[in-house]
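4 protein chains.
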Amino acid sequence: MLTRTILLLLLLLLPAITVAQTREKGPWWPNAQWGAEDAAGGSNWITPEKVVRATALVKTGRIIELGHVYERGMPLNGSRSFNIFIPSFPTHGPILERGVVFNDEYVSAEIGQVGTQFDGPGHVGQRVKMSDGKETFVFYNGVPAEEMRSPHGLLRNGVENVKPILTRGIYIDLAAYKGVATLPGTYEVSLADVRGALARQGMKESDIEPGDALLFNIGWWRLWPDPRIESAPHAHAGREVIDWIIARKPSMIGSDSNFDGPEALVHTELTMKNGIWNLENMDFALMEKEKTHEFMFVFTPLRLKGATGSPGRPIAIL
Amino acid sequence: MLTRTILLLLLLLLPAITVAQTREKGPWWPNAQWGAEDAAGGSNWITPEKVVRATALVKTGRIIELGHVYERGMPLNGSRSFNIFIPSFPTHGPILERGVVFNDEYVSAEIGQVGTQFDGPGHVGQRVKMSDGKETFVFYNGVPAEEMRSPHGLLRNGVENVKPILTRGIYIDLAAYKGVATLPGTYEVSLADVRGALARQGMKESDIEPGDALLFNIGWWRLWPDPRIESAPHAHAGREVIDWIIARKPSMIGSDSNFDGPEALVHTELTMKNGIWNLENMDFALMEKEKTHEFMFVFTPLRLKGATGSPGRPIAIL
Amino acid sequence: MLTRTILLLLLLLLPAITVAQTREKGPWWPNAQWGAEDAAGGSNWITPEKVVRATALVKTGRIIELGHVYERGMPLNGSRSFNIFIPSFPTHGPILERGVVFNDEYVSAEIGQVGTQFDGPGHVGQRVKMSDGKETFVFYNGVPAEEMRSPHGLLRNGVENVKPILTRGIYIDLAAYKGVATLPGTYEVSLADVRGALARQGMKESDIEPGDALLFNIGWWRLWPDPRIESAPHAHAGREVIDWIIARKPSMIGSDSNFDGPEALVHTELTMKNGIWNLENMDFALMEKEKTHEFMFVFTPLRLKGATGSPGRPIAIL
Amino acid sequence: MLTRTILLLLLLLLPAITVAQTREKGPWWPNAQWGAEDAAGGSNWITPEKVVRATALVKTGRIIELGHVYERGMPLNGSRSFNIFIPSFPTHGPILERGVVFNDEYVSAEIGQVGTQFDGPGHVGQRVKMSDGKETFVFYNGVPAEEMRSPHGLLRNGVENVKPILTRGIYIDLAAYKGVATLPGTYEVSLADVRGALARQGMKESDIEPGDALLFNIGWWRLWPDPRIESAPHAHAGREVIDWIIARKPSMIGSDSNFDGPEALVHTELTMKNGIWNLENMDFALMEKEKTHEFMFVFTPLRLKGATGSPGRPIAIL
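Chains as they are written, first to last, in my numbering: chain A, 930 to 1247; chain B, 930 to 1247; chain C, 930 to 1247; chain D, 930 to 1247.
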């Protein structure tokens, strides 16, 4: 009887014993590389030495734009919006005898999640059942919703924590490797595809260093500004590619979509669990014409306190 | 009688004869250097060769932040506002079996004219009486209000026209030259001050090249985040300094204020007439500790179509 | 010679002599009924006696909704937008031991010009050449743009000046009179149509009193929420109808569109020149089922200082 | 041993046994009067007969404003904001030969929670531990957060569910009863105060009917537009007054504050649990001069889908 009772009690307590998630330790936290307080993720790999090596890649000094213009009517995902006005025109003035006037613009938008957008540590979370039985959503480096939520921006894991990206950019032309202008919508990119694309460009996997920005072209940029670019399914990284990216320790990835599929593995496995940030909706119209696939790459996320992402102006300097 | 009548008629017609402003030609247009269609101004000076020379300045690869964080409650000029929310938290989801969630931020603000802000070609205009007698406000490169006004962003002279700034930055420490932490509020900076500051830093005026970014420290950054930083008078460039800056042909100036005085001469003479853009409210807290005053400087204005200015993340790479 | 010279001078001066517009007096100002300072227009007709007579119309006390719900995705004109979200959810809290929480909503929209919208005195203007030769835009009661413009709302002629509308509403069912569900898109409503509709409803033109709200049904409401309701041409008042309305001295008109045609005569002749306000995009789905066409009508424009129009909740009390 | 074990198990299970909250039944749901699906609360009391009786109160037809103007810079609670501007001015045009122009306004604000504001069913919630052990926030009529949360407005319990308020308003002048202009900031209003105020006005408690709007003057309106009106403590209803109000079955209460104290009992006990809506920040400057305390009262909450509250223009018709 006693044995059975004890077994019964053990059965009741078993979930509590086996579930290991606590605020201090869980499946993807604390970050093994950067520690429990980190919110800069992969941008930490960009050391001063890395920066120097990036500048050494500059040969001609030509700057290539890698992002879209932000404008009303551009494709947007779901219910997001982008609005811009000039209040009053001119907004201020005229002042002084010679009649000086000033214009402001007023923007209302999910500014870090529209157009060419950079996902930071506060963007992606996942449900976790903690050891105490409570369920919550946990974000990069184990920060739970309760420590982030606030009406006026995230209290932790805001995009302002990400360091400037000035590093080597490696453009990996998957579409060209597959001999198409645009990969098919539901195509799952394989590790063989990635390796093949690198080889086609004369690059070796072992060339890739921590802190690099890996920029994947699937040819999806050709749809811009058709709204389907944000609503139709596009080629995405398969599981092997995701594991391969993690092993490469890049600061970030970029692509002309979000490179993610219906299982949201890029968002959770790369960004949320590993702090590999993701620059989405890049434009490769100009890069496509270049022969150089390694270059100094610059992307400076806005220091928008408590934001989940950032707009920006990614450029390659060849 | 006839003579008097003719003289009378001539007197009536004289204004029309002497006023020379037309759409094609006026006191500051077309831009002598860049032509009538230009809206990139001083950023045109940043040639590929200039970019290469800028990268050569990088010695250690250390990145120094030169701008403020954008946050609710930061100092703002006049009636401008800055608001940021996280809709709903989490904004989207949970989706999928493992319960993935996503946060967006929503920002409402005069986004290019708050905090560390970059003034573009659509920001400053001045009243002009044209030859046909009509008065209008004219902006950079002679573009009149009628060709710019639109409720949803400027039709011309939007900040998206400015090219990325990747150039040599020259930090000119006026406050240190004058032996003070912060220049007095009403102080008018003289040409002697500028030359003295350069000399103190071991630099010669003749070192300055077209396309450089001239960054003036008046010590005003120390007030941040006190609201008076945006409302109290601060040291400003005198007329001689303005003329000297124009002669140096920089891509832009920057300072820890807007470097302008009650006559708005920086805004009209540098920015409006000469396309020398102006990065305001820089933060020199970290730069102050450095000994290097020449460095690679990066500022990538957002390609915000029809905006008057841009936020950004100015950095020095030493 | 002298004669010819004098004639020449006279020819030059003639436009100045014949153009009579001044700030004090022009084609539609000062308002003959309400004086030069007025911004309440037709709402001035609603005297206490008029209000008492309106309450006397209430027989059953049933309230009929006459407006649409405001929601994301509703039809909007041109580039207007409507966005609403709940910051954070809950926005505030929990507070206190029992864990009280509060939600706010945040709305970004041309709030007085979306959905069921009421046009006030600051909404419509027209170009006028003044006696001094200057051209400007003049609004209700002769107020020129210069006296209204301000980045943060109109300095004059804001909708907050309009008095509450509590009056007799007269529903004029033009579509039913013509025996159709919806009048054809380009149909111009004639005076005979209006009189016929009144007669069909057993009403006489002479029954109409100053201060009444004349509500015209063209059956356009049936399109809601199809976006074409805001973009496709709809039946509109012809010139005779407009003159007839002016002669009736209503406080306002309403309709299930804006009742205006390509010449914008409702906007300029009724609203701008005569202060007959215009409630657009009403919903007559419920009114259609009623037999009563005269009722107490309530519409309380928001006291939104400096706004051009107002949302609201028009109701009929039968 | 067995007994002790069983007792131990019972102790573990006890909370689950005693907690009775389910989605269907809890401490304040389903609403006993209006049923499980209701979101109109006290506005349901306003029957057609009640409306007729309200119109019969109108003697002179004079309309008295009972709310504030909404403007930039008005007092706001906490971090809320209110911004309005005119895009471009004129926003549209000129069009047509005669040069017609149109202005829009653009408003960004917690529009239902600023200035004179009406709290609806989605505004107030409280933490509840459900029988299944899960904790959630529950709102009016037992609707839990999960059924309401959505980035773009509440899915349930939006203010659009509240019916128009056209009823008898009873102005209860607490400040006059106590012989002061404004009740002291921390004053707790007692039931004796309420009864005394009614008696002073020649009214009996038994006069009050279901559906009435009870409007309490504490003299706080005198502070407007001083920001302390939204930040300093003000007189509030004590527990007895709250219970008394519930027993009166009004459609709503109103006051020149929010009539609530540090325990938030007005918000939870009146609004959240009983659907007695709350019109806050009323203005009694004009009502103060009147001798009539019973009148037809009109407040039409905007049909803002998914909003937590509404602005409006409350009026008394005497």
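For the record, the hints were derived by calculation from the structure and aren't laboratory data. Backbone N, C-alpha and C define an ideal beta-carbon position, used for all residues, glycine too. Hints are supplied without guarantee of correctness; some may be wrong.
Interface residues of chain B toward chain C, partial, derived using beta-carbon atoms under 10 Å [stated by the list, open to error]:
hint	residue
1	Pro1016
2	Met1059
3	Ser1060
4	Leu1084
Calculated pairs, DSS-like style, for lysine-lysine (alpha carbon to alpha carbon, straight line, at most 25 Å) [as the list claims (entries may be wrong)]:
hint	chain 1	residue 1	chain 2	residue 2
5	B	Lys1058	B	Lys1178
6	C	Lys1218	C	Lys1063
7	A	Lys1220	A	Lys988
8	C	Lys1092	C	Lys1063
9	A	Lys1133	A	Lys954
10	C	Lys979	D	Lys1063
11	C	Lys1202	C	Lys954
12	B	Lys1202	B	Lys979
13	B	Lys1202	B	Lys1107
14	D	Lys954	A	Lys1063
15	C	Lys1092	D	Lys1063
16	A	Lys1058	D	Lys1218
17	A	Lys988	B	Lys1058
18	B	Lys988	A	Lys988
19	C	Lys1133	B	Lys1058
20	B	Lys988	A	Lys979
21	D	Lys988	D	Lys1218
22	A	Lys1107	A	Lys1218
23	A	Lys1063	A	Lys1133
24	B	Lys1063	B	Lys1133
25	A	Lys1063	D	Lys1220
26	D	Lys1218	C	Lys988
27	B	Lys1202	B	Lys1178
28	B	Lys1133	B	Lys988
29	C	Lys1092	D	Lys1058
30	A	Lys1133	A	Lys988
31	A	Lys988	A	Lys1107
32	C	Lys1218	D	Lys1092
33	A	Lys988	B	Lys1092
34	D	Lys954	C	Lys1092
35	B	Lys954	B	Lys1063
36	A	Lys1092	B	Lys1058
37	C	Lys1092	B	Lys1063
38	B	Lys988	A	Lys1092
39	A	Lys1220	B	Lys979
40	A	Lys1058	D	Lys1063
Which of the listed hints are broken here? 2, 3, 4, 5, 6, 8, 9, 10, 13, 15, 16, 17, 19, 23, 24, 25, 26, 29, 31, 34, 36 and 37
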